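Here the structure of chain F is known, so what remains is to put chain S in place on it, guided by the hints.
Those sequence lines, one after another, are chains F and S. Numbering follows the numbering used here, with no gaps: position 187 of the first sequence is 187. Numbering follows the numbering used here, with no gaps: position 165 of the second sequence is 1165.
Worth flagging that the hints you see were computed from the coordinates, not collected in a lab. If you're wondering where the values come from, they're calculated on a predicted model, not measured in any experiment. Don't take every hint at face value.
Sample of chain F residues facing chain S (criterion: CB under 8 Å; computed from the structure) [as the list claims (entries may be wrong)]:
(1) L22
(2) P53
(3) A60
(4) A61
Label pairs and their calculated CB-CB ranges [unchecked claim]:
(5) S:M1135 x F:G24: 42 to 50 Å
(6) F:R5 x S:E1011: 36 to 44 Å
(7) S:D1074 x F:I188: 22 to 30 Å
(8) S:S1098 x F:I188: 32 to 40 Å
Listed next, the stretches of chain S that the computed footprint assigns to chain F, with coverage defined by at least 3 CB atoms under 8 Å from CB atoms of chain F [claimed, not checked]:
(9) 1031-1045
(10) 1052-1059
We put the CB at the ideal spot given by N, CA and C, even for glycine.
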Amino acid sequence: MSDARDDEERDLLAAEHALGLLEGEEARRARLLAASDPDFAESVARWEARLAPLGDEIAAAAPDPRLRDRILAAIATAPGAGDNVVVLRRTLRRWRILAGAMTAVAASLALLFVAPVTQSPPVAPPAQAAPMLVANLASTNGPASLTIAYDSRRANLTIMPGRVGAARGHDHQLWIIPAGGAPISLGIVHLDAPRRMPMPPAMARHLRPSATLAVSVEPVGGSPTGQPTGPVIASGPLVTI
Amino acid sequence: MNSHQINDMPERDRLVAALERIGQGSSIALGELYDRTAAKLFGICLRILGDRGEAEDALQEVYVSIWRRADSFDAARASPITWLATIARNRAVDRLRSSGRPRATAPIEAASDVADSADNALTLLEASEDRARLMGCVEELEARQARAIRAAFFEGNTYAELASRADVPLPTMKSWVRRGLIRLRECLER
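This is chain S alone, in the form it adopts within the complex:
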């Protein structure tokens, strides 16, 4: 494949092509994927871990994991950036759990209504319909449900941490989140 063809490809297709080559063992393709995705995936790790050193270690684990699992990526079933971002978030959350560090003890209200600016190419790539729909559905949730789900997603909080931050009993928090998730699913499937 020559560089003209690569340059003409939409971003999504480039990522799919890179993952395919990584699955065949191309470290050059991993380098290319890194150049296209590192800033986005590092942003995710940094947001969850809140520490650059930790986030860089997590990012290394993310790309090693991509290297090992690229052949299981199925472009027919998942969007490449969703697949990559999910690996990044999961690795960061695992790392947060295994560090045993207390994290995000500020009241929920203070932390999670701040929407970060998002202006990189990868964001625009999929900022499309899926995102608009999800945002619409999140807006339909009760404020406390939306806050809890967002804090879980962005800070990697557990139920216990969410309950403590919102200063409510654990079963109350579980019920908020579960009802929120059910409503979210219903809304997205409408």
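The following block holds chain F by itself, in its conformation from the complex:
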């Protein structure tokens, strides 16, 4: 009895999600379900298919003729399906070449990030034995950018979001890619405000100057595979300052 009612409730939630009727907490719950529960995702897809023929009523309209070239240029730099890891590796190679030139930029960005996060005690000048690492993550395709600093003495990561869209219906996941290695998740990051993340030793040991940091778009709750599955919105090398 109550199972049937639950099923009906979930199917209606799927319909509401498919139509985009929900807001706030309900919308969040539906997105979470759609990302995590294949049965629910299937219900959403069934509703989308049921309602799609309504769209036949919408008159076609010609977009600006220049849009075609704009889109083809955008996909030339966008990661295609399934090749995000390849793109990360390519990005890594490119960044290694630039790493030397980046050091000066990273140092100036490091000054920027210290200022807004002043609730905690002032950061001591990095000692020789415990360097500060900084990565300026830029987009391969668009304006996304953020700066991440790693304080190896305190074993924490400071994340300063720059121009990054809010995660709507998905999460942003941070990865460290050791030189020549596969991406390792550092966890979900919230790019709405400057934040600190403690780094457990298992993750901290990968945070070295030869590694690259990258942020990918993943289903709510993070990549289901342990490797990046969605588009990489920004990446950049860690450099010592």
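Relative to the frame of chain F, chain S by itself:
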């Protein structure tokens, strides 16, 4: 595949073939898909966003999204144009939500009984049975249920916006829409 074969294919098969090649990374195939579908998908974005610039930005996101997700398209489970149109509608609705702009504040009655003309090839492609059935089922709904569901679909309205446009309390609107959706599903599954 030579051009004769392509020209002989039904439209649906051409779209499926293009999506398959896009999934393998062919940007030429994306260009071809764009030529066949941009007007339809732009129509959807424009209808929901009501602004050409916004709709063009949304359309770009739509094709980038198609580029990334083409390998997840399964021709055995979905019609290509339904899949594409759904991506377009969802991207446009997301964009509408994130813009925070108030939209479609006119009374519901004024906006959503106007059926647009639809005379492009893609429409005819699937204008078939599915559409006739859905239209038949929508006609069986109470007028206020049908109006609300159509406004949600075409204008991307939320429950709160629908309630305000119809000047009824939110729970009333939810109940209209939910009862309408249940009836629609029952009718389509008969």
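Status of each hint after checking the structure:
Checking L22 (chain F) against chain S by beta carbon gives a least distance of about 7 Å; that is within 8 Å, so the hint holds. With a cut of 8 Å, the hint placing P53 (chain F) at the interface with chain S holds, because the nearest CB-to-CB distance is about 4 Å. The beta carbon of A60 (chain F) is positioned within 8 Å of a beta carbon in chain S (closest approach about 4 Å), and the interface hint is therefore held. Evaluation of the A61 (chain F) hint against chain S yields a held restraint, the C-beta minimum of about 4 Å falling below 8 Å.
Hint check: M1135 (chain S) to G24 (chain F), Cβ distance near 33 Å, so the stated range 42 to 50 Å is violated. For R5 (chain F) paired with E1011 (chain S), a C-beta distance near 43 Å keeps the hint of 36 to 44 Å intact. Hint check: D1074 (chain S) to I188 (chain F), Cβ distance near 29 Å, so the stated range 22 to 30 Å holds. A hinted range of 32 to 40 Å for the beta carbons of S1098 (chain S) and I188 (chain F) is inconsistent with their spacing of about 20 Å.
Judged by the Cβ-Cβ criterion of 8 Å, the segment 1031-1045 of chain S is covered by chain F as claimed, because 9 of its residues qualify and three suffice. Judged by the Cβ-Cβ criterion of 8 Å, the segment 1052-1059 of chain S is covered by chain F as claimed, because 4 of its residues qualify and three suffice.
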